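K.L.:
Please model the entire structure based on the sequences and the hints provided.
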Amino acid sequence: MSVSAILSTAISTGGVVLAGLGGVALTHRGTLRREAEQAERARRELQEQTRKNDHGELVGAATRLRVLIEVAYQRHWPDMDGRILAIQDQAIAVGVAASKVALGASAAEGDRARALGLAASQLAAYVARHTEMGRGNAENGVMSSGQITRAPGFTEFDARLDEFYAVAGMVPPDIGVRRAPRYRLWLTRRSASSR
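Count along the sequence shown from 1, add 50, and you get the number used in the working numbering.
Since the hints were derived computationally from the structure, they do not count as laboratory data.
One or more hints might be untrue.
Pairwise CB distance ranges, derived in the manner of DEER restraints [unchecked claim]: (1) T100 - G203: 29 to 39 Å; (2) G80 - A209: 46 to 56 Å; (3) R94 - L135: 34 to 44 Å; (4) Q99 - A158: 16 to 26 Å; (5) S156 - E206: 21 to 31 Å; (6) I142 - E120: 10 to 20 Å; (7) A89 - H180: 51 to 61 Å; (8) M183 - E120: 13 to 23 Å; (9) E90 - I142: 32 to 42 Å; (10) H180 - A92: 49 to 59 Å; (11) G110 - A89: 25 to 35 Å.
Note that this is a predicted model, so its numbers are computed, not measured.
Note that CB positions come from ideal geometry on N, CA and C, so glycine has one too.
P.N.:
If you want it as structure tokens, here you go:
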């Protein structure tokens, strides 16, 4: 076999091998790019799901705090010390949830979350300050019964919650607050007309 035939065979074989390696490299590069895009999409989806979960936790904690305070204000309770403790614990839960939201949020969203946490803390402090503890247990000197003496003002708390809803792009639930006065008016008219 001549040298030119060997060189010709080596060049053509080398060309095929290099073309094959180039095709594998291009295919591998395309696969890596697709996998990177999928990983980035999965990361964004996980981040968005975490954000939604943190928002839900904050709004849920704030709602629970409001309910605890509204129920505690209704009357004198024999277990008021436990109720005040639950209110304080829930205010802490609102603050913790607000901090979690603030860590992964935009500056505006984080500011509104922290403002809601602060309003929750101030509301719990107001309730504790305006709770009159009553009869104690003679055996151990613990004052467990009591009642809230001043109506808790939810104006600031509700404003901070509404601001958080707005900046987070959430829609506050329609709980029928706007329909309540109309309903009471209907009851008043009916009561008056049935006499």
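K.L.:
So, for every hint listed, does it hold in this structure?
P.N.:
The hints, checked one at a time:
Against the hinted window of 29 to 39 Å, the Cβ-Cβ separation of T100 and G203 comes to about 34 Å, which satisfies the hint. A beta carbon spacing of about 53 Å between G80 and A209 agrees with the range 46 to 56 Å that was offered as a hint. Taken as a hint, the range 34 to 44 Å holds for the pair R94 and L135, whose Cβ atoms sit roughly 41 Å apart. Checked against the given bound of 16 to 26 Å, the beta carbons of Q99 and A158, roughly 21 Å apart, stay inside it.
Taking the beta carbon of each, S156 and E206 are about 23 Å apart, inside 21 to 31 Å as hinted. Separated by about 19 Å at the C-beta atoms, I142 and E120 satisfy the suggested range of 10 to 20 Å. Against the hinted window of 51 to 61 Å, the Cβ-Cβ separation of A89 and H180 comes to about 54 Å, which satisfies the hint. Taking the beta carbon of each, M183 and E120 are about 20 Å apart, inside 13 to 23 Å as hinted.
The hinted range of 32 to 42 Å is satisfied by E90 and I142, whose Cβ atoms lie roughly 36 Å apart. At about 50 Å, the beta-carbon gap between H180 and A92 stays in the expected band of 49 to 59 Å. Against the hinted window of 25 to 35 Å, the Cβ-Cβ separation of G110 and A89 comes to about 31 Å, which satisfies the hint.
Against the hints set out earlier in the document, no violation occurs for any number.
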